[in-house]
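Asker: Chain by chain, the residues run as shown.
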Amino acid sequence: MARASLTGTRIRERRLAIGMKQTDLARAAGISAAYVNLIEHNRRRVSENRLGVIAQALQVEAEALSEGAEGALFDGLREAAAQATGAVAGLVEGERIEEFVGRFPGWARLLSERQIHITVLERRLESLAERLSEDPFILDNLHEVLSAVTSLRSTAAILVDEPQIDDAWRDRFLNTIAQETVRLSTTAEALVGYLDTQNGEELALSSPQEQFEAWLAVRGWHLPEMEVDDPAPPDALIADAAELASGAARDLAREYLRQRRLDIDALPYADICAAVAELGADPGAIAARFGIDLPAVFRRLAGLPSGVEGLPPLGLVVCDAAGAMIFRKPAPGFGLPRFGAGCPLWPLYEALSRPMQPLRRVVDMAGRVPQRFDTYAICNSKSSGMCFDAPAHIEAMMLILPARNSASSPARAVGETCRICPRANCAARRETSLLVTPD
Amino acid sequence: MLQRNVLLIEDEPNIAEAIRFILQRRGWNVTTETDGARAVAQVDGLSPDAVILDMMLPGRSGLEILAELRARDAHVSRPVLMLTARGQERDRQAAHAAGATGFLAKPFANADLICVLDRMVPPVSAPSPE
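Top to bottom, those sequences are chains A and B. For the first sequence, the positions run 1 to 439 when my numbering is used. For the second sequence, the positions run 1001 to 1130 when my numbering is used.
Simulated from the structure, these hints should not be mistaken for lab results. The hints are all genuine.
Each pair of labels, with its calculated beta carbon distance range: (1) B/Ala1037 with A/His393: 28 to 36 Å; (2) B/Arg1070 with A/Ser246: 41 to 49 Å; (3) B/Ser1125 with A/Gln164: 20 to 28 Å; (4) B/Leu1046 with A/Thr432: 32 to 40 Å; (5) B/Ala1037 with A/Asn175: 27 to 35 Å; (6) A/Asp265 with B/Arg1072: 55 to 63 Å; (7) A/Ile165 with B/Pro1058: 25 to 33 Å; (8) B/Arg1070 with A/Thr432: 19 to 27 Å; (9) A/Ser383 with B/Arg1090: 34 to 42 Å; (10) A/Ile292 with B/Arg1070: 50 to 58 Å.
Short, incomplete list of chain A residues facing chain B, as computed with Cβ under 8 Å: (11) His143; (12) Ser147; (13) Val149; (14) Thr150; (15) Ser151; (16) Arg153; (17) Ser154; (18) Ala157; (19) Ile158; (20) Glu162; (21) Thr176; (22) Gln179; (23) Glu180; (24) Glu431.
Positions of the beta carbon are idealized from the N, C-alpha and C atoms, including for glycine.
Construct all of the structure, not just a fragment, from the sequences and the given hints.
Answerer: Structure representation (C-alpha cells):
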C-alpha cells in the first residue's frame, strides 16, 4: 500500500472536520456516495483531477490530501522497524506500514511518538557520554585521581611487599601516602562539586557556543525583530535572553547580529522569500539573481522561518580554518557533533581545501534510517581589505537540504562524527566508533 | 648480572619515586626525566636499554616523543613501555600504532611493571672471568 493510498483517510478526516455529509461531498465531486465511501476507506484510488474537485469541495489544497502531514509519523515507524532486533526484527512487516497507519492510526501515532522519544533520549545519552569523554575539567580531574591512585597503589605495595626498607625510605613513603590521600580527597570533592553545580540544561548547555545556538534555536533560528528598517541595537535585542548565560555567549550573539544586519541589507526578507518561492532553496540561483556572495545567501536561507513557501527544513554549519565548528544549525536527520570535528568526508572540509570554489555534493548520512541530503559548500576569506603577508583568515560553510532527487545521483557516504558513526571500513575513520565492533 | 639502564619519563614525582625504588632494588639503573620537551635529548644522550614513557606529559605528549624516537635509526627498535592514566582501548591502539613495545595502564601493580620490563629487556648474567 503506497503513501498516496492514505488519501482516502485524509479526505474522510477533512470532511468530518468541516461537518460535511458524505452525500454532499459525493454530489460536489460528481460521484456516488458509495464510491466516496470506498475512497474514504482507501479501497479506491483517486485520480488527480477528481482529487482536485474533492479538495475544492473540502476547501483545502489537493496536496494536503495526497501527502498529508504524517511525515514524522512515518519516519518514527520506519525508525522503530529499523531498530528492531533479534526475533522481533523478522516479525515486523515493514512493507505494511501504510496499512498499519490507515487501520490503526492511534496505535501508529503512539508507537511513532514512543520511538521519537527514545531517539531523543538516545541523543541526549550520546551527548552526555561525549561530554564526559571530552570535558576538560572532568578529564583533568580524572587524570589527577588516576595519578594519585597509581602512586598510592605502588607506594602501599612497596611498604607491604618489599623486605627490609630502611626507616628513611619508610618515612618517605608514608609521607607520600599522606600527600596522595589529601590530593585524592581534594580532587574527588572538586569533581563532586562540579557535577553538583551542573544539572539538567546547565549540564547540557555548557559552552558559550551552545548557549548562543540555544538562543537561536528557541527562536526557530529566525529573528523577525531584525527584519525591520530600524531594528533595536544588538544589546537591546539580547538583553532578556536567558539562554545567553555567559558574557562570551553574548559576544557571539552580538557578532551574529552585526553580520545578520549586513545580510539583511544585502537581501531583504521580502526579496529572499519571493526568490525562494520562485527558484526554490537554490543558493546559486539566488546569489546570481541578486548579485551577492554565496555565504550571505547561505546565512539568509538558514535564518528564514519555517513555513516560507518553497523552503525545506535546512541546516547550516560553519567552520574556521582549523575545522572547528563555529556555527551549527542542525537539519533534521543530519547530526552535528557537539564536541570535536564532524565527519572528515563532509563537503564542508573539502571546501576548506578549495577556497572560493562552490561545491555541490549529494551525501548519505549514516543512521538506522539513512537519509540523503543535497549539500552546498563554500570557503571564503573573512579578511577585510587588502593586507599583504597577513595570515589567511578563512571560513567554510555548508548548507544542508533534504535531497530533491533522492535516488538519481550518486551519493557520498558520510556520518556525524567517527565516535558515533556506524560505518565499518571507512578509510577516513580517525578513531574507533562506539557503534562498530572492532574485528 | 649486568646492570640494565632505564630512562623513566614521568612528571608525577611520587609515581616516579616509587618506580625508581622498585626497579633499583632489582638491579636497574634508573634515570628520571619530568619534562617531555627534554625527553628525546635524554634518550639520545643515555641510550638506555629501555624507556618508560608517560602518555601525558608537560611540554610534549608521550605519543609525539615516541613518534620522534621511532623516526630515528638509533631508536627504531629501542624498547619503550608506555604508561597512561587513561587505560582506554583507543590509547592502547594509539600507543601500538606509534610503535610502543609495551603498554601499561595506570594504576598498575608493581609486579606487572617488573614483569613487562623483564620481558622487554631480559636480565643477562655477567660473563664469568676467564
